[in-house]
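The whole structure should be built from the sequences, with the hints applied where relevant.
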Amino acid sequence: MGLGAYIAVSAALFALGIVAILVRRNVLYVLMGIEMILNAANINFVAFNRFNHAEGSQSNLDGRMFAIFVIILAAAEAAVALAIVLNVFHLFNSVKPAEADLLRE
Amino acid sequence: MELSDKLFYGLLAAGSLGALAVCTLLGGGGGAAFALFAILVLAGSLLCIWERSVVRSAFCLIGTFGGTAGLFLLLGSDFLAMSQILIYVGGILALILFGVMLSPPDLGERKLPRVLSGLVAVGAGVAFVAAKVASTVNWAQAAELAEPEHATERIGVALLAYDQYAIAFELAAIVLTVALVAAVYVARRRKIDLQDEGARG
Numbered sequence: 001m002g003l004g005a006y007i008a009v010s011a012a013l014f015a016l017g018i019v020a021i022l023v024r025r026n027v028l029y030v031l032m033g034i035e036m037i038l039n040a041a042n043i044n045f046v047a048f049n050r051f052n053h054a055e056g057s058q059s060n061l062d063g064r065m066f067a068i069f070v071i072i073l074a075a076a077e078a079a080v081a082l083a084i085v086l087n088v089f090h091l092f093n094s095v096k097p098a099e100a101d102l103l104r105e
Numbered sequence: 001m002e003l004s005d006k007l008f009y010g011l012l013a014a015g016s017l018g019a020l021a022v023c024t025l026l027g028g029g030g031g032a033a034f035a036l037f038a039i040l041v042l043a044g045s046l047l048c049i050w051e052r053s054v055v056r057s058a059f060c061l062i063g064t065f066g067g068t069a070g071l072f073l074l075l076g077s078d079f080l081a082m083s084q085i086l087i088y089v090g091g092i093l094a095l096i097l098f099g100v101m102l103s104p105p106d107l108g109e110r111k112l113p114r115v116l117s118g119l120v121a122v123g124a125g126v127a128f129v130a131a132k133v134a135s136t137v138n139w140a141q142a143a144e145l146a147e148p149e150h151a152t153e154r155i156g157v158a159l160l161a162y163d164q165y166a167i168a169f170e171l172a173a174i175v176l177t178v179a180l181v182a183a184v185y186v187a188r189r190r191k192i193d194l195q196d197e198g199a200r201g
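Order-wise, the sequence lines are chains Z and R. Here the first sequence stands for residues 1 to 105, numbered as in our numbering. Here the second sequence stands for residues 1 to 201, numbered as in our numbering.
These are computed hints drawn from the structure, not numbers from a lab. Beta carbons: idealized from backbone N, C-alpha and C, even for Gly. Take these hints with a grain of salt, some might be off.
Taking CB as the label site, the calculated pair distances span [as the list claims (entries may be wrong)]:
{"no.": "1", "chain 1": "R", "residue 1": "Ala32", "chain 2": "Z", "residue 2": "Asp101", "range": "43 to 53 Å"}
{"no.": "2", "chain 1": "Z", "residue 1": "Ala98", "chain 2": "R", "residue 2": "Val126", "range": "24 to 34 Å"}
{"no.": "3", "chain 1": "Z", "residue 1": "His90", "chain 2": "R", "residue 2": "Arg56", "range": "19 to 29 Å"}
Take a look, some chain Z residues computed to stay more than 10 Å from chain R by CB distance [as the list claims (entries may be wrong)]:
{"no.": "4", "residue": "Leu22"}
{"no.": "5", "residue": "Glu35"}
{"no.": "6", "residue": "Ala100"}
{"no.": "7", "residue": "Leu102"}
In structure tokens:
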């Protein structure tokens, strides 16, 4: 399959991530939507990296490296987001982002 | 099972089979493999949006993450595919499940009209952009695509070579350390809260 097919899958995954964030009113779905969006970006990075590799040349690592760093930062983001989400549950006793409207306790 | 559920699962299955058939006709074995993983990715995220319970949604994400790993494999990045499975399925999904377990149940649940209108809006948007892109952009491709290279060793060397990614690698390590320590600090239960509960109980 060509580059266009991978781009299409990644675009659809990105859009579905946005839908998950906007449509389901729940903090956990916001987390899941963000992970989908990061995954879509990763597919793009790796696909462009692959289709940039012509016969007879050494492959370029840049796209794959970017994807690796995105995965690392996604892990850090998930940990911090979970901590924040736990605090939100604790303070507001709710899973709806709209109800968490105070920064203080 | 409600009628809307039956309709959705039926449409999803039919669409998947159709996409599989089209890709197999167009691209043979490679097309079928691509279609399989792409369907895993998209069906996983669609089901994640559709399912009522958060736990089910979280498990549907396994399909999305695993399918992405499969796409990485097809693109010749085996190291990335393995890290994807290790970190996403093994780590991030476990974290999300912890969040599900520690959260109060969501009684508002899913609003079907919201889900449907969101899906329709996004479907229309993606279709429009795809048509526009397909009719205007000419993806310039390398004439002869080289065989995928198994670059795990080169990735390892590049991560530690000071003239390549060593600084970014160390920065990522620092960011991870700080983020995880901060997460533990933010998530801990404060003494005051525990005293409050003791006084209440």
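Q) Minimum Cβ separation between Ala100/Z and chain R greater than 10 Å? A) The claim stands: Ala100/Z keeps its Cβ more than 10 Å from every Cβ of chain R (closest is about 13 Å).
**Q.** Interface exclusion of Leu102/Z relative to chain R, criterion Cβ beyond 10 Å
**A.** holds (16 Å)
Q: May I ask you to check that Glu35/Z keeps its beta-carbon over 10 Å from the closest beta-carbon of chain R?
A: Its Cβ does come within 10 Å of chain R, the nearest being 6 Å, so this is violated.
(Q) Does Leu22/Z clear chain R by more than 10 Å, comparing its Cβ with all Cβ atoms of that chain? (A) violated (6 Å)
(Q) Holds or violated: the 24 to 34 Å window for the beta-carbon distance between Ala98/Z and Val126/R? (A) holds (27 Å)
Q. So the hint says 43 to 53 Å: do the beta-carbon atoms of Ala32/R and Asp101/Z match that?
A. Given about 50 Å between the Cβ atoms, the range holds.
Q) In this structure, is the beta-carbon distance linking His90/Z and Arg56/R contained in 19 to 29 Å? A) 25 Å Cβ-Cβ, so the 19 to 29 Å window holds.
Consistency note: the structure conflicts with the earlier hints numbered 4, 5.
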